[in-house]
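S.K.: Got chain G sorted already, so can you dock chain Z onto it with the hints?
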Amino acid sequence: MHNNHRDHHSHSDGHDGHDHHHDNHYSDMQARVRALETLLTQKGLIDPAAIDAIVETYETKVGPRNGAHVVAKAWSEPAFAEWLKADATAAIARLGYTGRQGEHMRAVFNTPDTHNMVVCTLCSCYPWAVLGLPPVWYKAPAYRSRAVINPRAVLEEFGVTLNADKKIRVWDSTAELRYLVIPERPAGTEGMDEAALAALVTRDSMIGTGLALSPETAR
Amino acid sequence: MNGPHDLGGQMGFGPVAPEKDEPIFHAEWEKRALGLTLCCGAFGAWSIDESRHARENIPPADYLSASYYEIWIRALDTLLERHGFATREELFSGRDIGQGAVPKRILKADMVPGVLARGGPCDRPVHREPRFSVGDRVRTRNFNPETHTRLPRYARARAGVIEAVQGSYVFPDDNAHGRGENPEWVYTVVFDADEIWGEGADPSLTVSIDAWESYLDEV
Numbered sequence: 004m005h006n007n008h009r010d011h012h013s014h015s016d017g018h019d020g021h022d023h024h025h026d027n028h029y030s031d032m033q034a035r036v037r038a039l040e041t042l043l044t045q046k047g048l049i050d051p052a053a054i055d056a057i058v059e060t061y062e063t064k065v066g067p068r069n070g071a072h073v074v075a076k077a078w079s080e081p082a083f084a085e086w087l088k089a090d091a092t093a094a095i096a097r098l099g100y101t102g103r104q105g106e107h108m109r110a111v112f113n114t115p116d117t118h119n120m121v122v123c124t125l126c127s128c129y130p131w132a133v134l135g136l137p138p139v140w141y142k143a144p145a146y147r148s149r150a151v152i153n154p155r156a157v158l159e160e161f162g163v164t165l166n167a168d169k170k171i172r173v174w175d176s177t178a179e180l181r182y183l184v185i186p187e188r189p190a191g192t193e194g195m196d197e198a199a200l201a202a203l204v205t206r207d208s209m210i211g212t213g214l215a216l217s218p219e220t221a222r
Numbered sequence: 002m003n004g005p006h007d008l009g010g011q012m013g014f015g016p017v018a019p020e021k022d023e024p025i026f027h028a029e030w031e032k033r034a035l036g037l038t039l040c041c042g043a044f045g046a047w048s049i050d051e052s053r054h055a056r057e058n059i060p061p062a063d064y065l066s067a068s069y070y071e072i073w074i075r076a077l078d079t080l081l082e083r084h085g086f087a088t089r090e091e092l093f094s095g096r097d098i099g100q101g102a103v104p105k106r107i108l109k110a111d112m113v114p115g116v117l118a119r120g121g122p123c124d125r126p127v128h129r130e131p132r133f134s135v136g137d138r139v140r141t142r143n144f145n146p147e148t149h150t151r152l153p154r155y156a157r158a159r160a161g162v163i164e165a166v167q168g169s170y171v172f173p174d175d176n177a178h179g180r181g182e183n184p185e186w187v188y189t190v191v192f193d194a195d196e197i198w199g200e201g202a203d204p205s206l207t208v209s210i211d212a213w214e215s216y217l218d219e220v
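Protein chains in written order, with our numbering: chain G, 4 to 222; chain Z, 2 to 220.
Derived from the structure by calculation, the hints contain no laboratory data.
It cannot be assumed that every hint is accurate.
[Said to hold, decoys possible] With a straight-line cut-off of 20 Å between C-alpha atoms, the simulated EDC-like cross-links for lysine to aspartate or glutamate are:
| # | chain 1 | residue 1 | chain 2 | residue 2 |
| --- | --- | --- | --- | --- |
| 1 | G | 170 | Z | 196 |
| 2 | G | 170 | Z | 78 |
| 3 | G | 46 | Z | 78 |
| 4 | G | 170 | Z | 193 |
| 5 | G | 64 | Z | 111 |
| 6 | G | 142 | Z | 71 |
| 7 | G | 169 | Z | 111 |
| 8 | G | 170 | Z | 203 |
| 9 | G | 88 | Z | 164 |
| 10 | Z | 105 | G | 59 |
| 11 | G | 64 | Z | 203 |
| 12 | Z | 21 | G | 159 |
| 13 | Z | 109 | G | 159 |
| 14 | G | 46 | Z | 90 |
| 15 | G | 142 | Z | 22 |
| 16 | Z | 109 | G | 55 |
| 17 | G | 170 | Z | 23 |
[Stated by the list, open to error] Away from chain G, derived, C-beta distances all over 12 Å, residues of chain Z:
| # | residue |
| --- | --- |
| 18 | 52 |
| 19 | 83 |
| 20 | 119 |
| 21 | 129 |
| 22 | 132 |
| 23 | 140 |
All figures in this text were calculated on a predicted structure; none of them were measured in a lab.
We treat Cβ as the ideally placed atom computed from N, Cα and C, and that holds for glycine.
For reference, chain G alone in the conformation it holds in the complex:
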């Protein structure tokens, strides 16, 4: 066994260690992913320009500004808010936000009584079409494990303290419905137009780990 083991290593010299324990393949993700992309390109299975186009979409086109537009419109137009409650997918599509990880949307409205918060305990389900790609913390074990058992402590870590009598509703997105939290409209925003309101809507306020900004904070 011992000799075999040494032989195994001597044969691997100069290569990239593909005979090693599988964990080694993932110690350098930059190299691992580059090798995979090269292989699949050589095989004619992928178009690297398609990857560029996907990345560009989520870097420049699809992000939380989409969701902020939805929220600001809901704050400004009661009829749109009612439509969002009744058929979020259609109402959001009307603003041009459709597609991957936004196919089946639900909007949940914060009220003076209830604060909503969204998690995916099983993976990383997130409403890409309106919020873009999820932040690292949303996909990480600390958030996924604790959001459903101790959301108040999680909120404190985001700097959010709710009144003790405020109810908390956590939505675990275990199916293909994707949830957008509509935060409460901040005080002192009467008369503000949709664009100014959208600037108060943070990504976290649409996940439920934050609140919308007050006009003073946003300034």
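M.R.: Leaving out everything else, chain Z in the frame of chain G:
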């Protein structure tokens, strides 16, 4: 399966660490990992349910120490090998050693906007009435399959209330294993925290899951 992904209520991961002004990607390879995952998904060889199950099957110690894009790449390697697009040797040497399976579709850059904007809706008609109505009390089943399921452990054998009938959708427990889409009605089921967490539960907390009909029994 009772895998490392099923994190709701687990403890010991420490506080959530939100990153101020978090970038969309933290490294170049993350961009390529996202793009590769979507490009290979476009082959049409596996469903989102099968890819989720491939991620869940990563050994717990690896899963919990990996970043989310690393989880995706580990699962992608599994799927590419399982469906014959590349051999394990090719995947880890990066060298093309021969023809593999032929995908139904190769995603080209000019197809990306359309594909992302369409997404992959998974609602499907079912030809029977929903078994449950809003307000019904239900109990989730107690099962521990080694196969894919979207009923998290913390929400098994718990009594809750049907809050919404959300439509009918592909059943992941079957679809992940190539047993067909077999759509079922999906319900939002809401639980009092006390029912899930028992002593010491936050009395102001309710938690909901989205549950396929066969996860539920009448109370």
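S.K.: Each of the hints needs a verdict: does it hold here or not?
M.R.: Tested hints:
no. : hint           : in the structure
1   : G/170 to Z/196 : holds, 16 Å
2   : G/170 to Z/78  : violated, 43 Å
3   : G/46 to Z/78   : holds, 15 Å
4   : G/170 to Z/193 : holds, 11 Å
5   : G/64 to Z/111  : holds, 16 Å
6   : G/142 to Z/71  : holds, 12 Å
7   : G/169 to Z/111 : violated, 49 Å
8   : G/170 to Z/203 : holds, 10 Å
9   : G/88 to Z/164  : holds, 14 Å
10  : Z/105 to G/59  : violated, 25 Å
11  : G/64 to Z/203  : violated, 39 Å
12  : Z/21 to G/159  : holds, 15 Å
13  : Z/109 to G/159 : violated, 45 Å
14  : G/46 to Z/90   : holds, 14 Å
15  : G/142 to Z/22  : holds, 17 Å
16  : Z/109 to G/55  : holds, 10 Å
17  : G/170 to Z/23  : violated, 29 Å
18  : 52             : violated, 10 Å
19  : 83             : holds, 15 Å
20  : 119            : violated, 6 Å
21  : 129            : holds, 19 Å
22  : 132            : holds, 16 Å
23  : 140            : holds, 16 Å
Of the hints listed earlier, those the structure fails to meet are numbers 2, 7, 10, 11, 13, 17, 18 and 20, in rising order.
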